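Single-letter residue listing:
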Amino acid sequence: LAKTTQPISMDSYEGQEVNITCSHNNIATNDYITWYQQFPSQGPRFIIQGYKTKVTNEVASLFIPADRKSSTLSLPRVSLSDTAVYYCLVAGSARQLTFGSGTQLTVLP
Amino acid sequence: NAGVTQTPKFQVLKTGQSMTLQCAQDMNHEYMSWYRQDPGMGLRLIHYSVGAGITDQGEVPNGYNVSRSTTEDFPLRLLSAAPSQTSVYFCASSYGTGFNTEAFFGQGTRLTVV
Numbered sequence: 001l002a003k004t005t006q007p008i009s010m011d012s013y014e015g016q017e018v019n020i021t022c023s024h025n026n027i028a029t030n031d032y033i034t035w036y037q038q039f040p041s042q043g044p045r046f047i048i049q050g051y052k053t054k055v056t057n058e059v060a061s062l063f064i065p066a067d068r069k070s071s072t073l074s075l076p077r078v079s080l081s082d083t084a085v086y087y088c089l090v091a092g093s094a095r096q097l098t099f100g101s102g103t104q105l106t107v108l109p
Numbered sequence: 001n002a003g004v005t006q007t008p009k010f011q012v013l014k015t016g017q018s019m020t021l022q023c024a025q026d027m028n029h030e031y032m033s034w035y036r037q038d039p040g041m042g043l044r045l046i047h048y049s050v051g052a053g054i055t056d057q058g059e060v061p062n063g064y065n066v067s068r069s070t071t072e073d074f075p076l077r078l079l080s081a082a083p084s085q086t087s088v089y090f091c092a093s094s095y096g097t098g099f100n101t102e103a104f105f106g107q108g109t110r111l112t113v114v
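Going line by line, the protein sequences match chains P and A.
If you count the first sequence from 1, position 53 lands on 53 in the working numbering, and the numbers rise without skipping.
If you count the second sequence from 1, position 42 lands on 42 in the working numbering, and the numbers rise without skipping.
Take the hints with a grain of salt, since some may be wrong.
[Unchecked claim] Cβ-Cβ distance ranges computed for the label pairs, FRET-style:
1) SER81/P x ILE54/A: 33 to 41 Å
2) ASN57/P x MET19/A: 36 to 44 Å
3) ALA28/P x PRO8/A: 36 to 44 Å
4) TYR13/P x MET19/A: 41 to 49 Å
5) ASN25/P x SER80/A: 38 to 46 Å
[Said to hold, decoys possible] The calculated lysine to aspartate or glutamate pairs, modelled on EDC-like cross-linking and capped at a C-alpha distance of 20 Å, are:
6) LYS3/P x GLU102/A
7) LYS52/P x GLU102/A
8) LYS9/A x ASP73/A
9) LYS69/P x ASP31/P
10) LYS3/P x GLU59/A
11) LYS52/P x ASP67/P
12) LYS3/P x ASP67/P
13) LYS54/P x GLU102/A
14) LYS9/A x ASP26/A
15) LYS3/P x ASP31/P
16) LYS14/A x ASP38/A
[Unchecked claim] Taking beta-carbon pairs under 7 Å as the criterion, some of the chain P residues facing chain A (in silico):
17) TYR32
18) THR34
19) GLY43
20) PRO44
21) PHE46
22) GLN49
23) ALA91
24) ALA94
25) ARG95
26) GLN96
27) PHE99
28) GLY100
29) SER101
30) GLY102
These are computed hints drawn from the structure, not numbers from a lab.
Small disclaimer: the values here were computed from a predicted structure and weren't measured.
A virtual CB, placed ideally from N, CA and C, is assigned to each residue, including glycine.
Looking at chain P on its own, in the form it has when it is part of the complex:
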């Protein structure tokens, strides 16, 4: 049973805000929600993690409703360089990370 479900692909235009939603109906009490970004021929890069409510850092925001069964990664004013695969994960630590197929975000000029 997949731990998370997210769209296979999304397109956006430069300068727009992009929201990628992920569902994780069976999230455990000890799990955090974390997002990674991966460019072609590179290893994944950590973006943000959260437990509940809203978390914001210099590159993204993460919105988590009270029931924690879903989450939304928000990327403000995307540029062409944000074209990548975005993975939503639930995990209690970085010891064992389970990656799904991710969401291919394509930013168009």
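Mind docking chain A on chain P? Use the hints.
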């Protein structure tokens, strides 16, 4: 800091050959892991370690061995390469304390088995 360093970056093996993929980190991280990524798919966990001398199996451990004699190094050994092991291999490391899900990944080793 170099972060997580993987060598080699590319490798071609013949079926049945053995080899070791090297991984080193200079961040004094307790946790280290090996993943493989097949085309168009997410990463799958092969083996992981929570500290020197301690290793455990992940989702797809068959055909691979690991050891962790130092905090810094976590080599992955392919015992007898098979075409099904053609993949990109990523090593990762992370802190073992607290509720931390941030792992640092290397640049990967692209392995082809013919």
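Comparing the hints with the structure gives:
1. SER81/P x ILE54/A: 33 to 41 Å: Between SER81/P and ILE54/A, where Cβ atoms are some 39 Å apart, the hint holds.
2. ASN57/P x MET19/A: 36 to 44 Å: At 39 Å between Cβs, range holds.
3. ALA28/P x PRO8/A: 36 to 44 Å: holds (38 Å)
4. TYR13/P x MET19/A: 41 to 49 Å: For TYR13/P and MET19/A the Cβ distance comes to about 45 Å; the hint holds.
5. ASN25/P x SER80/A: 38 to 46 Å: holds (41 Å)
6. LYS3/P x GLU102/A: holds (18 Å)
7. LYS52/P x GLU102/A: holds (17 Å)
8. LYS9/A x ASP73/A: holds (17 Å)
9. LYS69/P x ASP31/P: holds (11 Å)
10. LYS3/P x GLU59/A: Satisfied, since the Cα-Cα distance of roughly 14 Å is no more than 20 Å.
11. LYS52/P x ASP67/P: holds (9 Å)
12. LYS3/P x ASP67/P: holds (16 Å)
13. LYS54/P x GLU102/A: holds (18 Å)
14. LYS9/A x ASP26/A: OK: LYS9/A and ASP26/A at ~18 Å, within 20 Å.
15. LYS3/P x ASP31/P: With Cα atoms ~11 Å apart, LYS3/P and ASP31/P stay inside 20 Å; holds.
16. LYS14/A x ASP38/A: Measuring from Cα to Cα gives roughly 19 Å; hence the hint holds.
17. TYR32: holds (5 Å)
18. THR34: For THR34/P, the interface hint holds, since the closest Cβ of chain A sits about 4 Å away, which is under 7 Å.
19. GLY43: Holds, because the Cβ-Cβ distance from GLY43/P to chain A comes to roughly 3 Å (cut-off 7 Å).
20. PRO44: holds (5 Å)
21. PHE46: Holds: closest Cβ of chain A sits about 4 Å from PHE46/P, inside 7 Å.
22. GLN49: Nearest chain A Cβ about 5 Å off; hint holds.
23. ALA91: holds (5 Å)
24. ALA94: At 3 Å from the nearest chain A Cβ, ALA94/P passes the 7 Å test, so the hint holds.
25. ARG95: This interface hint holds because 5 Å falls under the 7 Å limit.
26. GLN96: holds (6 Å)
27. PHE99: With a minimum Cβ separation of about 3 Å from chain A (threshold 7 Å), the hint on PHE99/P holds.
28. GLY100: holds (5 Å)
29. SER101: OK, holds: SER101/P within 7 Å of chain A, min 5 Å.
30. GLY102: holds (6 Å)
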